[in-house]
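Using the sequences provided together with the hints, build the complete structure.
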Amino acid sequence: MEPTRKQGILSSPHQENDTVHINKEQKAFFTQQSKMTTLPPLPMTRPKLTALARQKLPCSPRTKPRSELIKEKDDIDHYLEVNFKGLSKEEVAAYRNSYTKNVCVEMLRDGYHKSFTEFFALTEKWDALREAARVRSLSWAQRPLEEQPDKLDHFYYYLTRAETAERKEYFEEVYNNLYALACYFNNSEDKWVRNHFYERCFKIAQVIKIDGGKKEAEAHGHMGLLFEEDGQLLEAAEHYEAFHQLTQGRIWKDETGRVLNLLACESLLRTYRLLSDKMLENKEYKQAIRILIKACEIAKEGNDKKMEGEASYYLGLAHLAAGEYETALAVLNTYGKISADLDDDLSLGRAYEATAKVLQSQGQMAEAVKYLKKVVKIAKNNFQNLDFVRASTMLGDIYNEKGHYSKASEYFQQAFNTTADIMNISLKDETKVHYGIAKAHQMMLTVNSCIESADLTSLDYLLSWKESRSDITPDPTSGESRRSTMESLYHTSEFSEEESSGFSGNQKK
Amino acid sequence: MNVIYPLAVPKGRRLCCEVCDAPAERVCGACTVTYYCGVVHQRADWGSIHEKICQLLIPLRTSMPFYNSEEERQHGLQQLQQRQKHLIELCYTVAQKYIFEGKHEDAVPAALHSLRFRMNVHGLSSVELVPAYLLLAEASLENLPNPEIKSTSSALQAISCIVGGFFTAEPPGLGRVVQAEEYLSQAQWTVLKSTECSYAIHSLLHRNLGLLYMAKENYEEARYHLANDIYFASCAFGTEHIRASGGYFHLANIFNGLKKLDLADTLYTKVSEIWNKYLNDHYQVLSQARIQQIDLLGKRFETDTGLDEAQEAEAIQLLTSILNIRESTSNKAPQKTIFVLKILFMLYFLMMNSSKAKEYALRALHLAKKQKLSVQEQNTIQDLLNLISVEEAQPIT
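So the sequences go chain by chain: A and B.
331 is the number that UniProt numbering gives to position 331 of the first sequence; each next residue is one higher, with no gaps.
384 is the number that UniProt numbering gives to position 384 of the second sequence; each next residue is one higher, with no gaps.
A couple of the hints might just be wrong.
[Unchecked claim] Residues from chain A that face chain B, not an exhaustive set, calculated with beta carbons under 8 Å: (1) Leu108; (2) Gly111; (3) His113; (4) Thr117; (5) Phe120; (6) Arg167.
Treat the hints as calculated values from the structure; they're not laboratory data.
On a predicted model such as this, the values are computed, not experimentally measured, just so you know.
Glycine included, C-beta positions come from ideal geometry on N, C-alpha and C.
Have a look at this one:
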């Protein structure tokens, strides 16, 4: 543009004005355009580039040695790089190459070779897992890492920061960064990545001494979780024990404000319980009880009544399974007391239920019935339908065994009615059968007595009942049952269609 | 070493110097198919590669004998191809060897021959050309000022159809860098154009580019290329492979030059760890075999590094320079120095160079004593020394 302007100056003042005017307009146009589009503004010093290039044209009179040409090529390269954004070698490379490679190169450029090694190993493993999953099943959701740049960015950011800190020996910083990565990958499909970083954290945490072992404790907790999810309960218990020991008597809290010691207690108890469950399955009662006693002690130290109660509950159950009824009763008693102290009706119910079971196994039916009735009451008050059904069924069972069929059928009926509210088909069917059996037992008596008496009226009864089946059976002994349930045993489907109306009527009565 | 009589030369033959493509005035008397512009170039070529391939060139440069049948013609052509391929390999290995021995000017004619035959066989834009380019670049990158090579390299220009001559006088160091850049640009372009190119070649290319930029003191670019080198080497061989160690080493040198000492330190450690792992594996295998069989026969075992000459030379170069760096800062961390000394010991031990191995072990022991390191450390070094003396006591059969 400069030459035109000069020309203007030379020719006439009037013209000059014009050109200046145009120039202004052009400028306005340019600025407007540059605002409107996202393209970089055109550099105005372009002639320099063409001048540089012209010297290199083959027709130019000067001949230059090649090496000089190459040197100037550097100048051009540099010029292009500076003035034309988007033409730099890095940006070209970023466009040409995969994102993973760019991340790797970026790490290495700044000397983060440990991050690179780790990242490279992780991406390789990722691909291997993908491949394995692809071979196993055709429909598979995991996307390649290449398509998840935010994950790659996270890797880059935290790994390099961790390495910088490691170089300066700020191990706490290292731990924090690695832990952040572990947290980031805390979802179901990237579990193994998280586990990898938990392990790294664990290793680093053992070097950190300044904080009195808080990080180490946390790392132990994570490792415990890792093993627990993996199903290696013994290892998990070991780590949780270390976690518990390190946090004992400390008031450390984690980022969500939970007290670490309590957390340790909880995890440890959970693991112990799972362990003991497994042992009970294998009939290793002694070991299970020993572990649960340990759990109880830990819960006591943890100063959390609820946990203590839980622990004693499971201990009681273990004793029951082992057949040591007296101890079981004692332990369950403490559980009951704790629950009562805490005003926790649910736990109290569970305590009573367990106690009843023990008593039932011991054969003290009257006591058992007493406890079960308490359970039924509590469950009813708290609308705990499942508990209610269970307790009622147990009660029905006991009465059934004792021969109090009418009572038994009454409880079974209660249970059955409640199952109607719970959407649990199998439970419903089960109680249905129980109810049917109790009814049948109940009717057996009447039928028997009718047959034994062998007079006309009884015969009439029997005949009329047999004719109608569904009709009301006169029942001299109890007189409660309005309806034959014998039939229900044979035609269950019919029965279930009518049941709700029939029983609601019953209940009202 | 005869003077040419141009009219006596068969029709159609190019009378150009083998080395610099200038009009030729002399001919090799042994093969009579190779021409030179003067005695200097003839000597250079003879010393480098011509002595080894003189007779092999005759069938390639004379016209094919007349065959009677198509079958025979095909056979003859195939043989020609075979010969050329053989020559490619031969020239390449010879040139490589020269480079490892530090005789860079000798390497150039051999590498040029390799490149020339590659072009004949594979065409101008094949990936096969890249190793030869890289070799030439490597030869030019060593900072030994030698004006002769500069002129020799201009032969390549003629071959690769680059217009212009390279005869003008330039400062030696810069000229060679420029030359290397040209070779590398050629190589890079070839790699860019080809779709199938192994990671190993990518890695080599980037390493050389990295070295080039280091020579030009453009450390930004050098770091970028070395990072690429490590990445490709890792893709090809794994992150802990000795092939990747060179990239780490050069990167460490850059950081060392930039005074980022802690960074350089970790990278040097990485390099020594890679070599330690590799050599230790071989060392263990060897000592295992020794323990198992020495009683039976009492015979000596072949020690073997499992490396080729190039890698051995690279290992020695890397480790000795790391050792020098460690020793200059050894007051802070004698362990690191001893670590490198031990690796060097293993290397020389496996290379059957027991005197050098002994020297390094002694140095390690001396250092360990001086710095009052743990007894265990001293004992392990003492064990190494004992091993060497046992080895020396046995007569070499």
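A quick look at each hint next to the structure:
Interface restraint check for Leu108/A: the shortest CB-CB distance to chain B comes to about 3 Å, inside 8 Å, so the restraint holds. Because the beta carbon of Gly111/A sits about 4 Å from the nearest beta carbon in chain B, less than 8 Å, this interface hint is met. Nearest Cβ of chain B to the Cβ of His113/A: about 5 Å, under the 8 Å cut. The hint holds. Taken as an interface hint, Thr117/A checks out: its beta carbon lies about 5 Å from the nearest beta carbon of chain B, inside 8 Å.
At its closest, the beta carbon of Phe120/A sits 5 Å from a beta carbon of chain B; the interface hint therefore holds under the 8 Å criterion. Below 8 Å, beta-carbon pairs count as interface contacts, and Arg167/A has one with chain B at about 5 Å; its hint therefore holds.
Checked against the numbered hints given earlier, the structure satisfies every one of them.
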